[in-house]
Amino acid sequence: MGSTTLSIDDKVTVKRVRAFFTDDLPKLQLLAHVRLSSVSLDALPAHHSNENTAMDKMTRQVQAQMYIEDMVEALSVLPDIERKVIVLKYIQGLQWFAVSDRLHLSVRRLQEIMQKALNDFGLAYDETLRLLDAAD
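When the sequence shown is numbered by the numbering used here, its final residue is 143 and no position is left out of the sequence of numbers.
Hints listed in this document are in silico derivations from the structure and should not be mistaken for laboratory results.
No residue lacks a Cβ here, since even glycine has one placed at the ideal position from N, Cα and C.
One or more hints might be untrue.
Each computed DSSO-like pair below joins lysine-lysine, with the alpha-carbon atoms no more than 27 Å apart [said to hold, decoys possible]:
# : residue 1 : residue 2
1 : K22       : K123
2 : K123      : K96
3 : K18       : K64
4 : K34       : K18
Distance windows between CB atoms, simulated [what the hints assert, rightly or not]:
# : residue 1 : residue 2 : range
5 : A26       : D108      : 23 to 31 Å
6 : W103      : A141      : 28 to 36 Å
7 : Q99       : A142      : 24 to 32 Å
8 : D63       : D87       : 23 to 31 Å
9 : T66       : R115      : 42 to 50 Å
Can you make the complete structure from the sequences, with help from the hints?
In structure tokens form, the structure reads like this:
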């Protein structure tokens with residue numbers, strides 16, 4: 008098994024992806040009118056306006072739905088264990104000990120897997136993350 012040390016670029020990617028799951032995803036779920044907390048592990052395969060018009064709301068909702076669809080697509084290309092760790096921790100909101108119990112791995116090992124998973128997800132979801140950053 009290789010070193011678990013991440014390069015500077017990897018650390019930046021992991022930090023950005025972690026921010027996506029903790030900050031951006033909850034907002035996207037609200038905008039898209041969807042809840043992902045019940046997502047099944049087996050089922051996974053920039054407009055700016057100050058006006059609060061129905062069209063603006065619909066545009067933001069559709070855009071949020073597209074970001075979430077992109078997220079599901081990015082998750083689907085991850086190795087199974089990486090996808091499971093991200094879904095259980097960030098989408099279902101489980102604590103590390105609950106994830107450990109569910110996957111029968113130590114918390115330390117899960118955290119190592121999570122680092123790689125966040126980096127891999129960041130690579131797969133890069134274009135959408137850039138769009139989200141540009142919208143801020």
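List of violated hint numbers, smallest to largest: 3, 8
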